[in-house]
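Asks: Given the coordinates of chain A, assemble chains B and E onto it according to the supplied hints.
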Amino acid sequence: MGKAIAAMGGFLQRQAQPARVVDLCGRFLPFAFALAVICLAAGLISALVLSPPDYQQGESVRIMYVHVPAAWMGLFVYAFIAALGGVGLVGGHPLAFHAARAAAPVGAGFTAACLVSGSLWGKPMWGAWWVWDARLTSMLLLLFLYFGHAALTRAFDDPRRGDKAAAVLALVGCVNLPVIKFSVDWWNTLHQPASVFKMGGPAIDPSMLLPLLLMLGAFKALFFTLWLMRLRSSVVAARLRAAAARARGAAWR
Amino acid sequence: MSFSSPYAVYVLASYGAAFAILGGLALLAWRDWRRVKAAWERLPGRREAP
Amino acid sequence: MTAFLAVVRRDLLLAYRDGAGTWTVLGFFVIAVAVFPLGLGPEPQLLARVAAGVVWAMALLAALLSLDTLFDADWRDGSLELLLSGELAPEALVLAKALAHWLASGLPLIVVAPLAGVLLHLPGNAAPTLAVSLLLGTPALSLLGALGAALALGARRGAALLAVMVLPLAVPVLIFGAGAVESAMLGLAAGPGLLILGGIALMALAVCPFAAAAALRQAVE
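Going down the list, the sequences are from chains A, B and E.
Each residue of the first sequence is one higher than the last, beginning at 1 in the numbering used here.
Each residue of the second sequence is one higher than the last, beginning at 254 in the numbering used here.
Each residue of the third sequence is one higher than the last, beginning at 304 in the numbering used here.
For reference, chain A alone in the conformation it holds in the complex (with noise of 0.2 angstroms):
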């Protein structure tokens, strides 16, 4: 058991030289890009034209198909953020850092198009733009504290500071992701209950379920997509940065 350990931690310090994490990026794009436009057509398709309206909300149910998703994906990957800092703090191989560092805007990303689609839906549903309960209100926190983190990322001149700094503020702020998911509970709002994950099995119908998931394995197939593309670039970025500073120190010999 330890051998095999040993010999997985000595494949994964193989796999993580530079070289060979811009090589494995570049195979394993074109497969998370094939599978985000599946998802995507598939899920479109399904999501506008397929599923039904709902009886009391009408049309406007099919936004639920982009903003929870959306908001889904803003929370997985501020907890992958999370634990990618946790694994840098601790293994300390600059990897981990690339990793989180390229992560970290896309999750804002979602996490925007999660409040920007709830403000499209909170117009017609609760005549608003904007209404402060529960759930839009954590996510709007959430978007906050993607935005601590990445003015943390920048803020020092030195940028594996940054990184470190930024991992240990996404690991505390890791502790309000539960906050923020049952929030629901605590405080008494407009929004619906939460209705997927219930126990018993989810409380929502199939039609409505399917166009939901496809969705979602849609954005996650973008997230990676985006994620191993900025992966990469940070990774040569880093090599580039090293490569000048070595002329520059020949320079000065």
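Since the hints were derived computationally from the structure, they do not count as laboratory data.
Mixed in with the good hints, there may be bad ones.
Reference excerpt, derived from the structure (chain E facing chain A, CB under 7 angstroms, subset only) [stated by the list, open to error]:
1. Ala458
2. Arg459
3. Leu464
4. Val467
5. Met468
6. Pro471
7. Ala518
Counterexamples of contact, computed for chain A against chain B with all Cβ distances above 10 angstroms [as the list claims (entries may be wrong)]:
8. Ala4
9. Ala41
10. Trp72
11. Pro94
12. Val131
13. Trp132
14. Leu140
15. Ala150
16. Leu171
17. Val175
18. Gly217
Covered, in the sense of this in silico footprint (three residues per stretch, anywhere, with C-beta under 8 angstroms from a C-beta of chain A), are these stretches of chain E [unchecked claim]:
19. 448 to 455
20. 506 to 514
Don't be surprised by glycine CBs; every beta carbon is placed ideally from N, CA and C.
Replies: What follows is chains B and E alone, placed relative to chain A:
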């Protein structure tokens, strides 16, 4: 979806806004990659592909 | 323990001799609260309606105000490295610093806040709840602030960065603090809100010193 519904414009706007944000991120990521790759290829004395 | 108390005593002495620290925070708090009637109009019912939230929000900002200097001077003159290499664990150092910050700026706020409440026509029966909610909430703010100050050590635009990082984390404190005062104003039980506030403070006590100590180690690396 029926486009005669008064909600249609909100639905289309929300899909449009979400994909505008994600598409913008994708364009930025792609542009970054082109830029970084070009800089790497200009680098003198490099041995392997990036 | 002696080292712990020595750090607390040193920071309090510095705050006292500096003279500006506590008074600036209190001055900011009172002026910021007094700005609201000037903007909203003098109508007592309106002011009483927003009093709990305004006092709590301004207390939050006032607590943030004095935070960017918490570790900064020590970091600049190198004494932070000495403190970290001393017998005191970094976690205890953070705790001592946060305690000194709370004594120098949190405690005076608790005394002044009911008076600020009078400016906003906060009903007299809610004043004790306001004081208790601040007593439970401001330690959490000092701890979160210490974490923010440790993370932002040596950063560009540290003060603004601190606010962007700490304010979202401090939102639950604000919600339950102002909520408890609100329910006391309406004659409802404030106990549950205060208990949750205490729980948040304990959680901050459990998490922040360790996270801030990690950040301090990164800063002096």
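Asks: Take the hints in turn and mark each one as holding or not.
Replies: These are the hints, each one checked on the structure:
no., hint, in the structure
1, Ala458, "holds (4 angstroms)"
2, Arg459, "holds (5 angstroms)"
3, Leu464, "holds (5 angstroms)"
4, Val467, "holds (5 angstroms)"
5, Met468, "holds (4 angstroms)"
6, Pro471, "holds (4 angstroms)"
7, Ala518, "holds (5 angstroms)"
8, Ala4, "holds (31 angstroms)"
9, Ala41, "holds (13 angstroms)"
10, Trp72, "holds (13 angstroms)"
11, Pro94, "holds (16 angstroms)"
12, Val131, "holds (15 angstroms)"
13, Trp132, "holds (20 angstroms)"
14, Leu140, "holds (15 angstroms)"
15, Ala150, "holds (13 angstroms)"
16, Leu171, "holds (24 angstroms)"
17, Val175, "holds (27 angstroms)"
18, Gly217, "holds (14 angstroms)"
19, 448 to 455, "holds (count 3)"
20, 506 to 514, "holds (count 4)"
Hint compliance for this structure: no hint is broken.
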